[in-house]
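Listed below are the residues making up each chain.
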Amino acid sequence: MLLYIIRRILFMIPTLAAISILSFAIIQLPPGDFLTSYAAQLAQEGDLVDEEELEALAQRYGLGQPIYVQYWKWIKGIATKGDWGQSMEWQKPVAELIWERLALTVVLSMSALLVSWFIAIPIGVYSATNQYSILDYSMTAFSFIGLGVPGFLLALIILYLAHSQLNMNVGGLFSEEYMLAPWSWAKIMDMLAHIWVPMFIVAVSSTAGNIRITRANLLDELNKPYVETARAKGVKETKLIWKYPVRVAMNPFFSTVGWSLASLISGTTLVAMVLSLQTTGPMLLRSLTAQDMYLAGTFLFMLSTLTIIGTLISDVLLAIVDPRIRLEQ
Amino acid sequence: MPQQEIAWIDRTPDIPQGPPALEEAVAEDEKLFVASYLQLMWWRFIKHRMAVISGILFIILYFIAALCEWVAPYLPETSFIQYQLSTPSRIRWVHDGRLQRPFIYGVNTKMDLETARRIYTEDKEVVYPIRFFVRTEEYEAWSLWSTDRHLFGIDALIEERSLGVVQGQGLFILGTDRLGRDLFSRIVYGARVSLTIGLVSVIISLVLGLILGGISGYYGGTLDNAIQRLIEFIRSIPEIPLIMALAAALPIDMDIIVRYFMVTVLLAFVGWTGLARVVRGRFLSLREEDFVMAARFSGSSEIRIILRHMMPSFMSHIIASLTLAVPGMILSETGLSFIGLGLRAPAISWGVLLQEAQNLRSVALAPWLLLPGAAVVLSVLAFNFLGDGIRDAADPYA
Amino acid sequence: MDQASNGHAPTSIDTDEALLEIRDLKTHFFMDQGVVHALEGVDFTVNRGQTIGLVGESGCGKSVTARSILSIVPSPGRIVQGEILFHRTPTADRPGETVDMAQIDPKGSLARSIRGGDISMVFQEPMTSLSPVHTIGAQIIEAISLHRDCSQEEATEITVEMLRRVNLPQPEGVLKRYPHELSGGMRQRVMIAMALSCQPSLLIADEPTTALDVTTQAQILALMQELQEEFGMAIIFITHDLGVIAQMVDYVVVMYLGEVVEMADVNSIFYDPKHPYTRSLLHSIPKLGRKSVEGLTSRLTAIHGVVPDPYSIPKGCPYHPRCHDAVRGVCDTDNPTLHTLPGDHKVRCVLYDD
Chain A
-2 MLLYIIRRIL
8 FMIPTLAAIS
18 ILSFAIIQLP
28 PGDFLTSYAA
38 QLAQEGDLVD
48 EEELEALAQR
58 YGLGQPIYVQ
68 YWKWIKGIAT
78 KGDWGQSMEW
88 QKPVAELIWE
98 RLALTVVLSM
108 SALLVSWFIA
118 IPIGVYSATN
128 QYSILDYSMT
138 AFSFIGLGVP
148 GFLLALIILY
158 LAHSQLNMNV
168 GGLFSEEYML
178 APWSWAKIMD
188 MLAHIWVPMF
198 IVAVSSTAGN
208 IRITRANLLD
218 ELNKPYVETA
228 RAKGVKETKL
238 IWKYPVRVAM
248 NPFFSTVGWS
258 LASLISGTTL
268 VAMVLSLQTT
278 GPMLLRSLTA
288 QDMYLAGTFL
298 FMLSTLTIIG
308 TLISDVLLAI
318 VDPRIRLEQ
Chain B
108 MPQQEIAWID
118 RTPDIPQGPP
128 ALEEAVAEDE
138 KLFVASYLQL
148 MWWRFIKHRM
158 AVISGILFII
168 LYFIAALCEW
178 VAPYLPETSF
188 IQYQLSTPSR
198 IRWVHDGRLQ
208 RPFIYGVNTK
218 MDLETARRIY
228 TEDKEVVYPI
238 RFFVRTEEYE
248 AWSLWSTDRH
258 LFGIDALIEE
268 RSLGVVQGQG
278 LFILGTDRLG
288 RDLFSRIVYG
298 ARVSLTIGLV
308 SVIISLVLGL
318 ILGGISGYYG
328 GTLDNAIQRL
338 IEFIRSIPEI
348 PLIMALAAAL
358 PIDMDIIVRY
368 FMVTVLLAFV
378 GWTGLARVVR
388 GRFLSLREED
398 FVMAARFSGS
408 SEIRIILRHM
418 MPSFMSHIIA
428 SLTLAVPGMI
438 LSETGLSFIG
448 LGLRAPAISW
458 GVLLQEAQNL
468 RSVALAPWLL
478 LPGAAVVLSV
488 LAFNFLGDGI
498 RDAADPYA
Chain C
78 MDQASNGHAP
88 TSIDTDEALL
98 EIRDLKTHFF
108 MDQGVVHALE
118 GVDFTVNRGQ
128 TIGLVGESGC
138 GKSVTARSIL
148 SIVPSPGRIV
158 QGEILFHRTP
168 TADRPGETVD
178 MAQIDPKGSL
188 ARSIRGGDIS
198 MVFQEPMTSL
208 SPVHTIGAQI
218 IEAISLHRDC
228 SQEEATEITV
238 EMLRRVNLPQ
248 PEGVLKRYPH
258 ELSGGMRQRV
268 MIAMALSCQP
278 SLLIADEPTT
288 ALDVTTQAQI
298 LALMQELQEE
308 FGMAIIFITH
318 DLGVIAQMVD
328 YVVVMYLGEV
338 VEMADVNSIF
348 YDPKHPYTRS
358 LLHSIPKLGR
368 KSVEGLTSRL
378 TAIHGVVPDP
388 YSIPKGCPYH
398 PRCHDAVRGV
408 CDTDNPTLHT
418 LPGDHKVRCV
428 LYDD
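Chains as they are written, first to last, in the numbering used here: chain A, -2 to 326; chain B, 108 to 505; chain C, 78 to 431.
Check each hint, because a few of them may be wrong.
[Unchecked claim] Here are the computed lysine-lysine pairs in the PhoX-like style, where the Cα-Cα straight-line distance is at most 25 Å: (1) 221/A <-> 236/A; (2) 253/C <-> 184/C; (3) 103/C <-> 236/A; (4) 89/A <-> 73/A; (5) 240/A <-> 184/C; (6) 233/A <-> 184/C; (7) 221/A <-> 392/C; (8) 217/B <-> 231/B; (9) 70/A <-> 89/A; (10) 236/A <-> 392/C; (11) 240/A <-> 221/A; (12) 78/A <-> 89/A; (13) 233/A <-> 221/A; (14) 103/C <-> 73/A; (15) 240/A <-> 253/C; (16) 392/C <-> 184/C.
[To be verified] Take a look, some chain B residues computed to stay more than 12 Å from chain A by CB distance: (17) 201; (18) 253; (19) 255; (20) 266; (21) 327; (22) 405; (23) 445; (24) 490.
[To be verified] Sample of chain A residues facing chain C (criterion: CB under 8 Å; computed from the structure): (25) 70; (26) 73; (27) 228; (28) 234.
What the hints contain is simulated information worked out from the structure, not anything from laboratory work. All C-beta atoms in this analysis are idealised placements derived from N, C-alpha and C, irrespective of residue type, glycine included.
All chains, full assembly: derive it from the sequences and hints.
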């Protein structure tokens, strides 16, 4: 088992390398080098352009040198000094800007993932075991609609309804007084009070998808001979369902945690913009439109790394729950 | 007990050979056995009621997209100066206590000086009946010929003040936007972009998916491994941030058409992996099938095996997966344009239209600005149900 | 515990005492496309300790009969008529009783205690009949703890003993294995061990050897005979393999399209088949030393045509479209009743009308 985990971690390295190359390529995408635009921006804002500082930056990022040297300098800075580059717009090192937003993104996506499982699995099991019942039909209808309504649209609608019907603002993750306050117990409690709306909005479409997956997988499993064997043994029907076919039908969930996480992070990005959450989404968009490329590239790199880690966790989980996988490896 | 076996066998009474006594009785209901694959698929498909309804809706939607100039009562840029953010026109049937053909009353605009908002009041004296095939604004149909007939509208004089800005009564069944443009017309024009962008990008990803997934599944081995790694790699990057980053690199002053194609290609580039997996899975399972083995032993070429033997048996699955992939593309485009990284005005897509509804203030003032979203949801649902129906029908022997 | 499995002698089995009586059993499947009459009046009796063979082509209702007896007919199927009288063996804590399996609630506790306790079943597919995500031990122990009043340790002990009894090497090791780690033959042994772990008075074996290779098949059959002698249970053996029938059973029930067309003791069926269907069935298997009248090795005869579409069962005798002896105006209009011929040989065919 340990060997298996180590092997999976080793497998991650080339993927991470590929992601870093892609992120770096994206940093390089806008025409011109970033120092020129940085200088232009400084000049535009009326700041004095310090030639020496520019020179130092050029040295640090290997500007003007071949692209692989630049990449090497960038990745070395990350690996050795935790230096992710400089944000032009914020005039701060990228590392100072991203962590809190990344953490909030992870909290939001993970809680949405768990919520969607907790809602979807029992409903999916009920739908499959009571196929063509009224609840099955309504849940199927719900899951179709849930899949059809994009998260950001749902966020807009809920924002509008809360405003017009309840005269409430459901946007944001914090109350105003905590927005810029340093982290404290009170701030965490405040976040817990606010996180529900975005969490459910993000969770809706994945819940809808998970209901459909649970139902379809379970319907496949219900006709398997081992279920009949258990029934012929005299096992109680509810226990039988949860112990045998549900257990097997859940495997694909564990094996796709990584991808679900990727799609949840995607979903969170747009919802965050509508609800003005302090997650990665809005800052990523801003950095992209402002061509603040080190910041944008870092976000992309980190978000992808998160899903890679998610995939690793899901592989390990799957190996734990499904003995067949253990044997194959 | 072998000895015994030989013994009883010799004593078994012989049975008559040849066809049974009442032969003709057999031949009767063989129809079911000879129904073609397509016929069986069709029978199963039409039993899926939602899929049939969605199929009809699908046809209507693409009909609208193809004939948007004719379906829309006005040009999408025509701005009715007096009717900015006008509420949807109330369609009525009863005038003076008498039932008559649908009509709207003339609407008067008044400025509320305190709130600086326009107030729209109906003038119960002026009746504008809604008619089919009215002649109003002139347009170029498919850039081929010029006409002024629209599917429906009201006979009201509109007077052009300056380029694109008009004065006069209009029929706004879904209200107007900030610049007094008819939202219904804009949604109809947006359909052309939004519905085709999904279709085109799915076709591009199908080509990618067929080639890479096919190679992967048919040849297996190292090539398969390499392609699988590539797919896993692409799938592990969150889709929206990736598309955002790539789209942000497109020059802002790009031509509308070029931008449309670039966005399409971007969506396909990120979205082909799902189809490739389906194709690969099909190839993998079919490769082991006896009929493919038989074709190989009888000396068919690889290409012939793929085209003649394998393709027909997974075509329906591919069509189902294609149909189910379109909604994802439509949603991505909408999302991308919504945040301003996809298509940009003056291009019209549902995502671009939703940009108007981006902040709470405008939605609170004019909730109908959310309606392009309804068009998105409707078409996504139609595609999902349709794809589901095709997928279920694809296995008529199941 | 003592009589758990270590070779207790069957307590004087009276083979004339009925264990299971099925009368006019009808099980229908209510599909979207129509009603499938999977069973259209099945009658037969199983005596204690007797081995009965249920024979017929695929789709004739053999498996549905088995599932009806256990009242686990899969939805949308339902027993619509008839009786399945099961005479429960008395135990220390309850007297013997007669239960109609067709009437009781299939999900109720009575049905569940009979299922796996008094009647158990071995399925066709040893590959998929065991849960892939639970150990062998866990699956057998579950069966034991459901029906016997014993602790976890005792259940484990019984399991090991049962696994030893079905000749699995290193039974303690097998306990912790998963099904995919065993071969097909080993899995079928596990299935048998599980089925017999609660000492049922009736074992239903639904094509238990079809999916196995010939050598393993012979081993499993020998094992089942051995265990039957030891435990004294009755067996309903479902198969389309007439060789297996000849080797294993005392009494044969031939089914066609949900009806019993002929039943008699094994010798009468093989030496003196009455129903045209049974005759064709016997002619469709290869036989050693069989010669035609001219003294040449005769050809195998396939039964003409296929089993009709389940939604449109032919009018009259269901076999008439494929029958060589069908009589126009009789066979295609009326379905004959079951006639009893001398020697308690029952057959459903007009040829034997008085």
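Determine which of the earlier numbered hints do not hold for this structure and return their numbers in increasing order. 2, 3, 7, 10, 14, 16, 23, 24, 25 and 26
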